[in-house]
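All chains should be built: construct the whole structure from the sequences, respecting the hints.
2 protein chains.
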Amino acid sequence: MLHRSPYARSRYKQTPVDEFELIRRYFDRQRATPGVITGIGDDGAILSVPGTGLELVQVVDTLVEDVHFPAATSAADIAYRAVAVNLSDIAAMGARPRWMTLALTMPSGDEHWLVEFAKGLFKAADAHEVALVGGDTTRGASIVVTVNMTGEVAAGRALLRSGASAGDTIFVTGTIGDAAAGLALLQSGGNDDFLCGRFLRPSARVDTGARLVGRASAAIDLSDGLLGDLRKLLDASGVGGEIDVASVPLSNAMKSRFEQEERTRFALFGGDDYELCFTAADERISDLDDASPIGRVTGESGLVCRLDGDIVDYDDSGYRHFR
Amino acid sequence: MLHRSPYARSRYKQTPVDEFELIRRYFDRQRATPGVITGIGDDGAILSVPGTGLELVQVVDTLVEDVHFPAATSAADIAYRAVAVNLSDIAAMGARPRWMTLALTMPSGDEHWLVEFAKGLFKAADAHEVALVGGDTTRGASIVVTVNMTGEVAAGRALLRSGASAGDTIFVTGTIGDAAAGLALLQSGGNDDFLCGRFLRPSARVDTGARLVGRASAAIDLSDGLLGDLRKLLDASGVGGEIDVASVPLSNAMKSRFEQEERTRFALFGGDDYELCFTAADERISDLDDASPIGRVTGESGLVCRLDGDIVDYDDSGYRHFR
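Residue numbers (the working numbering), protein chains in the order written: chain A, 2 to 324; chain B, 2 to 324.
One should not assume that every hint holds.
The list makes no distinction among identical chains, and a pair is therefore deemed to hold if it is satisfied within one copy or across any two copies.
[Stated by the list, open to error] In silico SDA-like pairs for lysine to any residue, Cα to Cα no more than 20 Å straight-line:
#1 LYS233 to GLY52
#2 LYS124 to ARG26
#3 LYS124 to ASP194
#4 LYS256 to SER49
#5 LYS124 to ASN192
#6 LYS120 to ALA237
Hints were generated in silico from the structure; no laboratory data involved.
Quick look at the structure:
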C-alpha cells in the first residue's frame, strides 16, 4: 500500500525521515478496532463484513508529478498507472477489485488533458471491472493522483505478507526490472516500447493473485524493488531467505539492451514492476506458468543473495521515501 | 463529496472549466454497475453488501494547501479538517463512519509537523470511532491531504439529495456562515476564537445525520455555501424552493462582528460550515433542537430568496472550482 518509486530516489535521497518508520510511529496505533482484521502494515487493510462470507480489502496509493512519474508523462499513462498500482496491491492480497474513488489535484482544468486522463483511467479499470464510484477534483501546484480501491476476498483467505515458512519456495511473476529500465530510458531520452510500456502501463497481476489464494503462504507486490519488497515479506513472516540472482527472470528486451551489472541492479532494486513476489510449497503452484522460482525461505534471519553459488552483497536496500 | 472552498474563490475565479460539468462529462458514465446503488453525484456513493442488511457509503475529499486552507494553518488543524469534511459527507448520507485511509503529500518529513498532524487526525476520528486502516505518504511540492472514508447505513435508508417534495420544509443545522467569517478574519490577520474555530475545526453533524434517516426527505452538507448547496439538493430532487433570508440562523459572534450585508453574504455564499441542509415534512423533526426551518420546497423550479417578504436577487452563485 505504501508506494515508493525509484524515480524519486535520486531527487530526495538526502531527507532524514524513513517513511516506514514514520508511518509506524505516528499513524499505526496497533489498536484493536472492531471490524478491522488487518490495518496498516500489509499491502492493504482487511475489513470484516459479517454475514457475507467475504472481507473487504482497502488500498490507497498516490502518484505525484516529478516524484512518481516524469512531468512529461501523458495524462492517459498517469491515470492508467494510478489505477494499476492500486490493482496491484489488491492482487497482492488475493482479492478481486470492486470499486474505487479518485482524488485528482491538478494545476489547470485543461479539457483535452482530462479527456485523455479519463480514457487511461477507464482502460485500466474496465479490464478488471472496477467501478469509479466517487471523486474529488481540486486545484494545486502540481499533479497529485490518489486512487483508493476496495476489493473483496473470501473471509479469512486474504494473502498476507506474514505467512511464509522455512522451506517454502520464493517465486516472482513475469519478468523483473523492466519498469526501472524503461524509466531509465525515458529519462535519458531513449525508448523501448516494451520496457517503457512496463513502466507506464504496468499489468497488475489480479488473476494470478486470486489463483494464489489457498496456495501461496505469503505475497507482496513489487513496487519498491525485489530485494526491498522481499525483505518486507520475510520480516513480516519472521523468517529469512536466500535467492539465486541468476534465476530472477529477465525479459529479452532487458537482456538485449543492458549489460549484466546494470540489469542486475534494475532487477534487484528497480521497483515499479507491479509483479507479485510470493512464497509457497513448490508443488502447489506448478500450474501457474507465469511464476518463476528464485529461491527459498530459510529459518535464518535476513536475505542472502547467491550468484554462481557465492554469496554476494548489494549495498542498495531499495528506495524509501524520506530517506 | 466535491469540496469547493470559498478560500479558493478569489484565487482561481478566472479559470474556464466548471468542476461539476467536468466531473459529469468525463468521469460519470451513468453506467449500471453491479453493487453500485448510487455512484457519482451525491455526497457519497452507496454500495450494496448483500446479506448484511447494510450498505456502505464511500466518500473522498481532498484539501490542498493555499487552496482549501491558508499555508499558515497548523498541522493539527489541517488533519482535523481533512477528517471532518469527510465525516460531514458521511453525515449528509445519514451513515455511520467506520474506517478511513489517508493519502498525505508533503514537502518534507518534518517530525514535529507529523506528530501534530497525527494528533489532529485522531482527535477528529476518535470522536466518531473511525479507524485509520491505511495510508500513503508521498513527497510533493505542497501539502495535499486526501481522506477516503467508508461508512455504513441500513440498506435502502441512506439520505439522498434527490428526495425533496413540494411542501417539505427546508432546514439547516447550527448557525450558518461562521466558517467563512472565521476564514475572512484569519486572512485579514484578525481573530475570533469561535468563528475561526468554526473554519479550522468544523463539527460534522454525524449524530444528527443518523437521526434524520427515515425522517428527512433529502439532505446535503454545506461545504460550498447555503444557496449553492441548496440549489444542488433542489435540482437533484427536480423541485424548487423558497427561503426567508432573515430566518437563516446566525451565531452571536457573527452578529456582533459583522454588519447585515456582510453576514448575509457569509451565510448565503460562505461555505465550509459543514452543517446539514435537509428537507422534511415539518412535524417529523420537531425533536431535533439543533435544526432551524428556513423555507420550503415548492413545485416551481429554482430557488427564491425572500427578505421581509420581498424577493431578493443575489448575483453570486457560490464558488465552483475551475470556474
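The hints, checked one at a time:
Taking the shortest Cα distances, LYS233 and GLY52 never come within 20 Å of each other, neither inside one copy (33 Å) nor across copies (36 Å). For a Cα distance limit of 20 Å, the shortest separation of LYS124 from ARG26 across copies, 17 Å, qualifies, whereas the shortest one inside one copy, 37 Å, does not. In this assembly of identical chains, LYS124 and ASP194 lie within 20 Å of each other by CA distance solely inside one copy; the values are 19 Å within and 49 Å between copies. Neither within a single protomer nor between protomers do LYS256 and SER49 lie at most 20 Å apart by alpha-carbon distance, with minima of 45 Å and 48 Å respectively.
For the identical chains of this complex, LYS124 and ASN192 are neighbours neither inside a copy (23 Å) nor across copies (50 Å), given an alpha-carbon limit of 20 Å. For a Cα distance limit of 20 Å, the shortest separation of LYS120 from ALA237 qualifies neither inside one copy, at 38 Å, nor across copies, at 27 Å.
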